[in-house]
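Chains Y and X are the protein sequences, given in the same order.
Going letter by letter, the first sequence gives residues 1 to 137 in UniProt numbering.
Going letter by letter, the second sequence gives residues 1 to 403 in UniProt numbering.
Treat the hints with care, since some could be wrong.
What the hints assert, rightly or not - Calculated lysine-lysine pairs in the BS3-like style (CA-CA distance at most 25 Å, straight line):
hint: 1; chain 1: X; residue 1: 374; chain 2: Y; residue 2: 6
hint: 2; chain 1: X; residue 1: 374; chain 2: X; residue 2: 390
hint: 3; chain 1: X; residue 1: 209; chain 2: X; residue 2: 219
hint: 4; chain 1: X; residue 1: 82; chain 2: X; residue 2: 30
hint: 5; chain 1: Y; residue 1: 22; chain 2: X; residue 2: 390
hint: 6; chain 1: Y; residue 1: 22; chain 2: Y; residue 2: 87
hint: 7; chain 1: X; residue 1: 103; chain 2: X; residue 2: 162
hint: 8; chain 1: Y; residue 1: 6; chain 2: X; residue 2: 317
Think of the hints as simulated: they come from the structure by calculation, not from any bench.
The primary structure of each chain is shown beneath.
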Amino acid sequence: MAYSDKVIDHYTNPRNVGTLDKSSHKVGTGLVGAPECGDVMRLQIEVNDDNVITDAKFKTFGCGSAIASSSLATEWLKGKSIDDAMKIDNMDIVEELALPPVKIHCSVLAEDAIKAAINDFRVKNGLAPIESEKVHH
Amino acid sequence: MNVPIYLDNNATTPMDPRVLEAMLPYFTSKFGNAASRNHPFGWVAEEGVDYAREQVAKLIGANEKEIIFTSGATESDNLAIKGVFEMYKEKGNHIITTVTEHKAVLDACKHVEKLGGKVTYLPVKEDGLVDLAVLEAAMTTETILVSVMYGNNEIGVIQPIKEISAIAHKYGALFMTDAVQAVGKIPVDVNADGIDLLALSAHKIYGPKGVGALYVRRKGPRVKVTAQMDGGGHERGMRSGTLNVPGIVGLGKACELCGLEMESEAKRLSALRDKLESALTVLEESYVNGNVEHRLPHVANISFKYVEGEGLMMAMKDLAVSSGSACTSASLEPSYVLKSLGLSDDLAHSSIRFGLGRFTTEEEVDYAVEVTLKAVTHLRELSPLWEMFKEGIDLDSIEWAEH
């Protein structure tokens, strides 16, 4: 199976690899997936007082598509408001990276990681987590 | 040195140019049907087949009359298992095999179960070897066949074939072995090893794809298998179909070359394999899978904990290897062979198989080491699991959301 150029680009030059201070109340951390399944993503966001994401970092254990999906997600998150970040759909990632059907779960995981990071941030700041009612494609 | 470098010789091997040379006339000038008994075209083809039969037989210590040519080892495995079950079902309906067999054996056994047969799938020990006591305990008066592979395709472990066949025979059962990975790589002798049926394939030993053989013992005991295809009654009635003469000639030549070069080649390859393995296990949290004493000379299967195999292979640019991670297939289940050794799923997902071969050079191995070390280090920098491990967090203490 050949990877798309965009997957290869994100995989070879991953954006925003790293770790934010998870104890900070400005930072939300999403850890999704499981080692047994071969994918674990950790996505972190730093949010300012205007609810805008000022920084995003990731680390991912997984295949090239999983690494590319999380790298792309961090790129998209930076500068977005929390509300806009909630709207990122896994299919946007699939389209951007031209993921084949067998790799769609990587994009789902990235979307889950975004939502988990946002909810972690919300809970830390006394807000209720947002329940996702979305049915994945 | 040309890239990409091929280190997947357990999947298939490049054909040796000497094999190709032997085959070529049988596509054109010597094109006859080996079953045409009434003219020289047929005789010439038959001569080629007969010579190849001797070459194959010699490599495994058999008589040439005991070699049945097939389309490959999958067919040989099917013919042996289904054919023995049909032929001996009056005697008993029980077959014993192991969980680490190739799918061709496992699925043929599943088929036998559908036909009313009983199959015991023996577990293996942590090192991948069959526990002889467990095998003996599984033997019954109904057991007609024990089928255990000679060398494993994923981890390269060599089963104690002599001991296993002795147990099978003690209880009156036949012993069959899928020896695809072992034949031509290590000495295999059907008499010394007590083998009644043996499957082999040409393309794993520098021969062409689409041809293989089944050894069927003729003396002590005389073994018969029921044909699985109806037709002209070729191959002593056990396998109908016009013989693939060029392929068979190629298989014969490939066997001859392996016989001549095996001893020096096994030494060379195991030295290269050991070099590769010791250079890579310098990495923290890297583990060699399978028994390291009893194994084929050319295979190394290593798990690099906290990195995922497919992602790792992508970083090992210019190296053709394979992984126990099943991320590329529709199922997310990692290798059943590695799991049956008791490896956790995450270690199975982290495994890479290096398969060296006749055309592998030391320079290529050195390059492979360099690329692999870099790739593992790079991916661990990206891995949240590696970071947690480094922080001393017990990964088992985390409640993972399985998906």
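Worksheet item: Where does the structure disagree with the numbered hints, that is, which hint numbers, in rising order?
Response: The structure breaks hints 3, 4; every other hint is satisfied.
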